[in-house]
Amino acid sequence: GQQLNQSPQSMFIQEGEDVSMNCTSSSIFNTWLWYKQDPGEGPVLLIALYKAGELTSNGRLTAQFGITRKDSFLNISASIPSDVGIYFCAGQGSMNYGGSQGNLIFGKGTKLSVKP
Amino acid sequence: ETGVTQTPRHLVMGMTNKKSLKCEQHLGHNAMYWYKQSAKKPLELMFVYNFKEQTENNSVPSRFSPECPNSSHLFLHLHTLQPEDSALYLCASSQNPLAGGRETQYFGPGTRLLVL
Numbered sequence: 001g002q003q004l005n006q007s008p009q010s011m012f013i014q015e016g017e018d019v020s021m022n023c024t025s026s027s028i029f030n031t032w033l034w035y036k037q038d039p040g041e042g043p044v045l046l047i048a049l050y051k052a053g054e055l056t057s058n059g060r061l062t063a064q065f066g067i068t069r070k071d072s073f074l075n076i077s078a079s080i081p082s083d084v085g086i087y088f089c090a091g092q093g094s095m096n097y098g099g100s101q102g103n104l105i106f107g108k109g110t111k112l113s114v115k116p
Numbered sequence: 001e002t003g004v005t006q007t008p009r010h011l012v013m014g015m016t017n018k019k020s021l022k023c024e025q026h027l028g029h030n031a032m033y034w035y036k037q038s039a040k041k042p043l044e045l046m047f048v049y050n051f052k053e054q055t056e057n058n059s060v061p062s063r064f065s066p067e068c069p070n071s072s073h074l075f076l077h078l079h080t081l082q083p084e085d086s087a088l089y090l091c092a093s094s095q096n097p098l099a100g101g102r103e104t105q106y107f108g109p110g111t112r113l114l115v116l
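For the protein sequence lines, the chains are A and B, in the order given.
So for the first sequence, the working numbering puts the first residue at 1; every next one is plus one.
So for the second sequence, the working numbering puts the first residue at 1; every next one is plus one.
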């Protein structure tokens, strides 16, 4: 089945540093989503990407939909303590690409810890 | 506040108990989902409902029984669970692509379930 490889699994950074994480897949997706999950809460949508090559920003966050449709990255600039949490990528296929109902496939997450 | 609410937020139950989880979405969506999130594992899709009809059961044991009385409400009935069923259960909703909407999923805060 479809799988996503998300890296890194975890990272410790100094406040003010930039952060980069990515997801890759052997399958084609037609939507890439990035979520953040705080402890005890559900994932919150950060950025949604619907078109290959699309680059979208949300405040200090920037994400891109890879041209090959098989990857995406998320950058966080000038990290702050509240950026701590787990970041998930999710890819969504479609019937055209053999996806099941267009359901989301999730990466295992990148745990971000910031040293104040 | 994502527009998706879940109750209860925390639940402890014995293996012989019967309980139900409730999800309600206020986004006007017509697709709803149940996910299971266990430690160190990717989010696992359990059930999908489109326009109140179950369209996917991802090989979930029969001790989990979903119910979708209308497009805004989704239940997960639990009976004779096992300790390994302890996890965070997340509900999500989206537009149905067949209805011309984006499939971007919005999550509730989850129910933290502990089976003793």
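Some hints here could point you the wrong way.
Unchecked claim - Below, simulated DSS-like cross-link-like pairs (lysine-lysine); rule was C-alpha separation at most 30 Å, straight line: (1) B:Lys19 <-> B:Lys36; (2) B:Lys18 <-> B:Lys52; (3) B:Lys40 <-> B:Lys19; (4) A:Lys70 <-> B:Lys40; (5) B:Lys36 <-> A:Lys51; (6) B:Lys36 <-> B:Lys18; (7) A:Lys115 <-> B:Lys40; (8) A:Lys115 <-> A:Lys51; (9) B:Lys40 <-> B:Lys22; (10) B:Lys41 <-> B:Lys22; (11) B:Lys18 <-> B:Lys40; (12) B:Lys36 <-> A:Lys108; (13) A:Lys51 <-> B:Lys41; (14) B:Lys22 <-> A:Lys108; (15) A:Lys108 <-> B:Lys19; (16) B:Lys36 <-> B:Lys52; (17) B:Lys18 <-> A:Lys70; (18) A:Lys70 <-> B:Lys19; (19) A:Lys111 <-> B:Lys40; (20) A:Lys111 <-> B:Lys41; (21) A:Lys108 <-> A:Lys70; (22) B:Lys19 <-> B:Lys41; (23) A:Lys111 <-> B:Lys36; (24) B:Lys22 <-> B:Lys36; (25) B:Lys19 <-> B:Lys52; (26) A:Lys111 <-> A:Lys51; (27) A:Lys111 <-> B:Lys52; (28) B:Lys41 <-> B:Lys18; (29) B:Lys52 <-> B:Lys41; (30) B:Lys22 <-> B:Lys52; (31) A:Lys111 <-> B:Lys18; (32) A:Lys108 <-> A:Lys51; (33) A:Lys51 <-> A:Lys70; (34) A:Lys115 <-> B:Lys41; (35) A:Lys70 <-> B:Lys22.
As the list claims (entries may be wrong) - Chain B stretches covered by chain A per the calculated footprint, using a threshold of three residues with CB under 8 Å from any CB of chain A: (36) 19-26; (37) 35-47.
Hints are computed from structural coordinates only; laboratory data are not their basis.
Computed from a prediction, not measured in an experiment: that's the story for all the values here.
Built from N, CA and C at the ideal position, the CB exists for glycine as well.
Status of the hints after comparison with the structure:
The hinted pair formed by B:Lys19 and B:Lys36 meets the criterion: a straight-line CA distance of about 16 Å does not exceed 30 Å. Between B:Lys18 and B:Lys52, the direct Cα distance comes to roughly 23 Å. Compliance with the 30 Å bound is thereby established for this hinted pair. Distance hint between B:Lys40 and B:Lys19 is fulfilled; the C-alpha atoms sit about 26 Å from each other, no more than 30 Å. A threshold of 30 Å between alpha carbons decides the hint, and for A:Lys70 with B:Lys40 the separation of about 23 Å falls inside it, so the pair holds.
A distance of roughly 29 Å separates the Cα atoms of B:Lys36 and A:Lys51; the hinted pair therefore holds under the 30 Å criterion. A threshold of 30 Å between alpha carbons decides the hint, and for B:Lys36 with B:Lys18 the separation of about 18 Å falls inside it, so the pair holds. A hinted pair counts as satisfied when its Cα atoms are at most 30 Å apart, and A:Lys115 with B:Lys40 qualifies at roughly 23 Å. Annotation: proposed proximity of A:Lys115 to A:Lys51 is violated, straight-line Cα distance about 35 Å (limit 30 Å).
The suggested pairing of B:Lys40 with B:Lys22 holds, with an alpha-carbon distance near 25 Å, which does not exceed 30 Å. Between B:Lys41 and B:Lys22, the direct Cα distance comes to roughly 23 Å. Compliance with the 30 Å bound is thereby established for this hinted pair. In summary, the hint linking B:Lys18 to B:Lys40 is supported, as the alpha carbons are separated by about 27 Å, within the 30 Å threshold. Only pairs whose Cα atoms come within 30 Å are accepted, and B:Lys36 paired with A:Lys108 is accepted, the gap being roughly 13 Å.
A C-alpha spacing of about 28 Å is found between A:Lys51 and B:Lys41, which places the hinted pair at or below 30 Å, so the restraint holds. Under the criterion of a C-alpha separation no larger than 30 Å, the hint pairing B:Lys22 with A:Lys108 is consistent with the structure, at around 26 Å. Taking the CA atoms of A:Lys108 and B:Lys19, the gap is near 29 Å; set against the 30 Å cutoff, the hint holds. At most 30 Å may separate the alpha-carbon atoms for a hinted pair to count; B:Lys36 and B:Lys52 meet this at roughly 20 Å.
Restraint check for B:Lys18 and A:Lys70: the C-alpha separation of about 43 Å exceeds 30 Å, so the hint is violated. The hinted pair formed by A:Lys70 and B:Lys19 fails the criterion: a straight-line CA distance of about 41 Å is larger than 30 Å. With a C-alpha separation of about 11 Å, the suggested pair A:Lys111 and B:Lys40 falls inside the 30 Å cut-off, and the hint holds. A distance of roughly 13 Å separates the Cα atoms of A:Lys111 and B:Lys41; the hinted pair therefore holds under the 30 Å criterion.
Taking the CA atoms of A:Lys108 and A:Lys70, the gap is about 16 Å. The hint holds against a cut of 30 Å. Distance restraint check for B:Lys19 and B:Lys41: the Cα-Cα separation of roughly 24 Å lies within the 30 Å cut-off, and the hinted pair is therefore satisfied. Under the criterion of a C-alpha separation no larger than 30 Å, the hint pairing A:Lys111 with B:Lys36 is consistent with the structure, at around 19 Å. In summary, the hint linking B:Lys22 to B:Lys36 is supported, as the alpha carbons are separated by about 14 Å, within the 30 Å threshold.
Taking the CA atoms of B:Lys19 and B:Lys52, the gap is about 21 Å. The hint holds against a cut of 30 Å. With a C-alpha separation of about 27 Å, the suggested pair A:Lys111 and A:Lys51 falls inside the 30 Å cut-off, and the hint holds. Proposed proximity of A:Lys111 and B:Lys52 is contradicted: the alpha carbons are some 35 Å apart, above 30 Å. As the CA atoms of B:Lys41 and B:Lys18 are separated by approximately 26 Å, the hinted pair is consistent with the 30 Å bound.
Restraint check: the Cα-Cα separation between B:Lys52 and B:Lys41 comes to about 28 Å, which is no more than 30 Å; the hinted pair holds. The hinted pair formed by B:Lys22 and B:Lys52 meets the criterion: a straight-line CA distance of about 15 Å does not exceed 30 Å. Taking the CA atoms of A:Lys111 and B:Lys18, the gap is about 35 Å. The hint is violated against a cut of 30 Å. For the hint pairing A:Lys108 with A:Lys51, the CA-to-CA distance comes to about 23 Å; that is within 30 Å, so the pair holds.
The suggested pairing of A:Lys51 with A:Lys70 holds, with an alpha-carbon distance near 12 Å, which does not exceed 30 Å. Between A:Lys115 and B:Lys41 the alpha-carbon distance is near 26 Å, which keeps this suggested pair within the 30 Å criterion. For the hint pairing A:Lys70 with B:Lys22, the CA-to-CA distance comes to about 35 Å; that exceeds 30 Å, so the pair is violated. Under a criterion of three residues with beta carbons nearer than 8 Å to beta carbons of chain A, the stated coverage of the segment 19-26 of chain B fails, only 0 such residues being counted.
Requiring three or more residues with a Cβ within less than 8 Å of a Cβ of chain A, the coverage given for the segment 35-47 of chain B holds, as 5 such residues are present.
Of the numbered hints listed earlier, those contradicted by the structure are 8, 17, 18, 27, 31, 35 and 36.
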